[in-house]
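Engineer: This is what each chain is made of:
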Amino acid sequence: MVHEWADHQVFNLDDGAILYDVDLASLFRIDASIQAVLQRWSCQPRVDLNEVAPPDRAVLEDLRDLRLLVPAGSAKVWPPLRCDPTEIPLSTMVLEVAQDCNLRCTYCYAAGGAYGGPARLLDVETARRAARYLVEKSGDNQALTLVLFGGEPLLNMPAVKAAVEEAEEKAAALGKKLLVSLTTNGTLLDAEILGFLRQHRVVVSVSLDGPAELHDANRPDAAGRGSYSRILARLGGLLENSNAAVAARVTLTPAQWSRCEEVFDHLIGLGFHEVGIAPASPISKNLLPDIQQEQVLLESLASMARRFSRLAKEGRILPFSNLVELLSRLHMGQTKAIACGAGYGYLAVDAGGEFYPCHRLAGEKGFAVGTLATGVDADRVRSSLAQLTTGKDKMCQSCWARSLCAGGCHYENHLRENTLGIPPGSSCDFIRRWLQIGIELYAELRHAGADGLLAKLEKRNTC
Amino acid sequence: MDAKQKIQALNKKAEAVEALTKGEDQAVKALLESGTELQMPVGCTTIFDTGWETNPRATHPVGNCQASVRDFMGCAGDCWWPAQTPDGLTNNPDYHQVCSNMARDWRTIKYD
Amino acid sequence: MKNAKYIFLSVLLCCLLVPAGTVLARDVIFTLGYDVLEVIDGDTDSITDRIPLKGWTRAYTVLPDKKQMIVSASRHYLHLVDTQKLALVKTLDLNTNPEGWQRFEFGITAGADGKTVYANVLGRRTEAGEVVLAKPMLAEIDLDSGKILRSVEVPRGIFQLLLVNGGKEVYAIGQDLYKIDVASSQMRITETYAMFDKGMNIFPLWHYTFENNGYFISPYYNAQGCGMLEINTHTGEITENMLNSDPPFVYSFMYSPDRSTIYGGMDELYKIDVQSRTITASTPIKEGTNFALMVSGDGKKVYTGGGGSTISVFDAETLKLLKVLQMQTDGMTMARFTL
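Protein chains in written order, with my numbering: chain C, 13 to 475; chain Z, 89 to 200; chain F, 66 to 404.
It is possible that some hints are incorrect.
[As the list claims (entries may be wrong)] Cut-off 27 Å, straight-line C-alpha distance, at most; resulting in silico cross-link-like pairs (DSSO-like, lysine-lysine):
#1 Z:Lys94 <-> Z:Lys110
#2 Z:Lys198 <-> F:Lys212
#3 F:Lys244 <-> F:Lys212
#4 C:Lys88 <-> Z:Lys94
Since the hints were made in silico from the structure, they are not lab data.
Using the sequences and the hints given, assemble the complete structure.
Structural biologist: Shown next as structure tokens:
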């Protein structure tokens with residue numbers, strides 16, 4: 013029977029290679045002899061196994077068994093079947109309790125917390141309605157997530173309390189589990205708030221960018237003063253008494269990308285359980301990286317990967333969120349048909365009760381998808397995201413990373429293409445190289461026998 | 089199959105694909121007639137009854153079992169799949185009176 | 066009175082003109098179901114009648130008068146059906162016999178004189194608690210009495226019978242094809258046409274030789290692919306030809322009325338050019354697997370049915386799906402009478 017090759021990518025190693033099936037996200041390690049066979053035959057789009065002489069034939073048959081060769085005409089086409097937003101019940105709601113902030117971070121995509129509109133706080137009644145909406149629209153989902161966000165959510169504790177209490181009550185009544193998380197700039201933490209967070213087992217993420225001078229350069233307050241010292245004074249209470257994980261959320265500008273490791277070490281040193289580093293979203297041209305800066309960031313991430321590997325050999329997980337998250341996806345072989353859950357089980361509600369597919373798109377014109385009063389408009393979800401995804405399927409069809417990336421963050425694409433006028437695909441190379449770092453690290457961990465460690469990552473991923 | 093050791097599954101997806109293959113292999117070995125050039129599993133006297141054989145063609149469902157609902161009554165009477173369908177020649181000669189339209193009547197499937 | 070004469074003449078003229086005008090042949094298609102035959106009007110493609118008869122139907126053979134047919138069911142009922150009156154005339158039961166055999170038919174064909182039917186019969190009975198198997202036989206059964214008039218032992222594995230050469234021979238198709246002389250007083254196998262040793266896999270459970278005016282065709286499969294076994298039942302001539310395309314997976318083949326095209330079907334419907342022996346078109350059958358097909362009398366439509374309870378009607382030229390008919394029961398095959 014005639015077979016054709018399923019899309020795959022080969023990553024060379026010193027001895028042999030990593031073989032990655034693009035549509036299944038299955039990863040194999042192949043030795044040099046298999047790699048040679050693959051090289052001999054993979055340029056042929058169609059292979060008739062009956063016409064292949066041994067010993068190559070046995071190898072190709074094994075590859076066929078592993079779905080790398082499939083019956084001709086049956087190779088998967090991109091995009092895979094995508095679901096209807098109306099068929100996905102809600103699982104996560106990001107609630108913008110404060111469209112306001114006491115800081116003026118230089119890179120803020122929320123334009124100082126107000127998302128380009130008037131500063132306002134979510135009123136308590138609307139907060140409760142939003143919490144009820146999450147539970148009511150959650151269908152059969154047994155685990156729900158409420159994310160308290162802003163601006164700075166601690167500016168509006170009444171709404172935070174109302175939303176959390178309402179959501180907990182309504183979720184419990186239906187036997188559902190509720191996870192609450194909060195992202196804060198950390199400047200307003202006090203004992204009472206800490207008590208509330210502890211009582212409700214809230215998972216807290218503190219936006220802290222590293223050593224004082226770096227952090228203060230990025231995150232001044234409205235008067236232009238740095239915020240580092242204020243946060244540190246309050247951090248102890250949070251870290252010492254937490255009954256849930258506390259993560260540091262870092263944002264770095266392109267000029268700072270060479271300092272990832274330094275930042276990571278500094279924050280771990282402060283006592284954070286986990287650190288995640290994000291490149292600043294290019295809300296303006298000066299935040300757009302050049303090729304050299306991207307290279308620097310990739311090298312920083314590669315360096316973190318090497319550290320991860322060394323620590324793994326001691327049986328410990330380096331708590332660098334970026335890598336932990338990627339490794340867990342690769343471990344499971346998770347594939348994506350769409351880039352994220354925005355609009356598909358994930359909803360952001362702004363301080364006026366208006367719906368957006370996600371918190372980053374909140375406030376962006378053209379992305380409003382409903383209100384608390386009228387509910388989610390599935391057509392608006394489809395059409396607003398389609399603005400960003402239409403026409404890209406062809407690009408993705410020829411990319412090996414498509415099942416891991418599936419087009420990338422909608423907001424990032426929106427900024428680059430719509431705000432900055434850059435043609436689509438400008439992040440693709442970076443994303444591929446980052447994923448390759450993850451794949452190579454994963455293979456190395458496997459090779460070193462870090463199976464127990466990788467098994468721990470399974471819990472991270474509920475796909 | 090020692091080439092298998094040279095292709096090592098790394099992640100859980102790869103392990104799952106391997107497990108699928110092992111399972112299929114056992115089933116296929118049991119059914120395969122030696123010398124069959126087309127390398128298709130053989131479940132009945134002839135090769136081309138749809139039913140529970142896997143689909144070797146590039147048509148849907150690729151590699152999977154064709155839906156057997158449309159083959160059920162055709163195979164029930166003459167005892168084509170003795171294990172899966174009522175045998176009309178000996179034990180269940182009037183079976184069709186219970187289920188004459190499988191797609192409609194499957195809820196009432198009942199036979200010993 | 067003068068007018069009456071002219072009126073009479075003109076009426077007479079019109080009456081004479083009518084037969085020369087366009088009275089279109091009408092197809093009536095019988096689908097063999099479970100405890101029922103369902104009747105489809107070939108003009109409207111709608112179910113117009115149902116003829117209840119006992120058992121799970123399997124095959125049919127048309128009597129020489131082209132009006133009656135025998136439908137076999139549950140492998141032991143032989144139902145005689147009047148296709149014009151749309152009624153069951155009588156039922157013979159192979160299990161009703163003085164020797165107490167439980168008998169099963171696997172292949173029937175009506176005899177040339179319209180009074181008998183040939184059947185390939187297996188039998189079993191219990192004697193002192195033990196099962197005794199009868200040797201497989203070709204039996205000639207009297208339609209009036211249901212009695213076996215004569216029989217001859219045949220090899221196991223026969224699945225289909227064809228009346229050949231004006232009724233002088235019966236071809237029995239199993240692993241090989243056995244030519245059986247039925248003209249002499251003693252029936253006997255005169256020749257075995259080899260198929261098994263040639264690696265031919267053939268399963269001619271469905272054929273439409275009656276509708277194809279005596280031309281039998283069946284797919285077979287060997288190591289090279291798909292072939293066509295054709296038997297001209299008027300002369301007895303057998304030909305084998307390989308299809309020049311990748312093997313289509315089909316349960317049966319049927320000719321178009323002019324025999325320039327062959328249709329085949331199972332999960333897809335295929336159109337094959339006879340001259341070049343290549344597949345010229347195909348379409349997946351969305352309803353799913355079908356056992357049988359039937360080309361309309363004018364060659365314009367192809368019906369696929371049997372297997373499930375739906376029959377799909379296709380345009381024979383474009384293979385475009387025209388209609389899906391919902392039967393009451395699952396089906397086995399179709400028979401077509403064109404009036």
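Engineer: Give a verdict on every hint.
Structural biologist: Comparing the hints with the structure gives:
1. Z:Lys94 <-> Z:Lys110: holds, 16 Å
2. Z:Lys198 <-> F:Lys212: It is violated: about 36 Å lies between the C-alpha atoms, which goes past 27 Å.
3. F:Lys244 <-> F:Lys212: Roughly 24 Å separates the two Cα atoms, so the pair holds.
4. C:Lys88 <-> Z:Lys94: holds, 26 Å
In terms of the numbered hints stated before, the structure departs from hint 2 and from no other.
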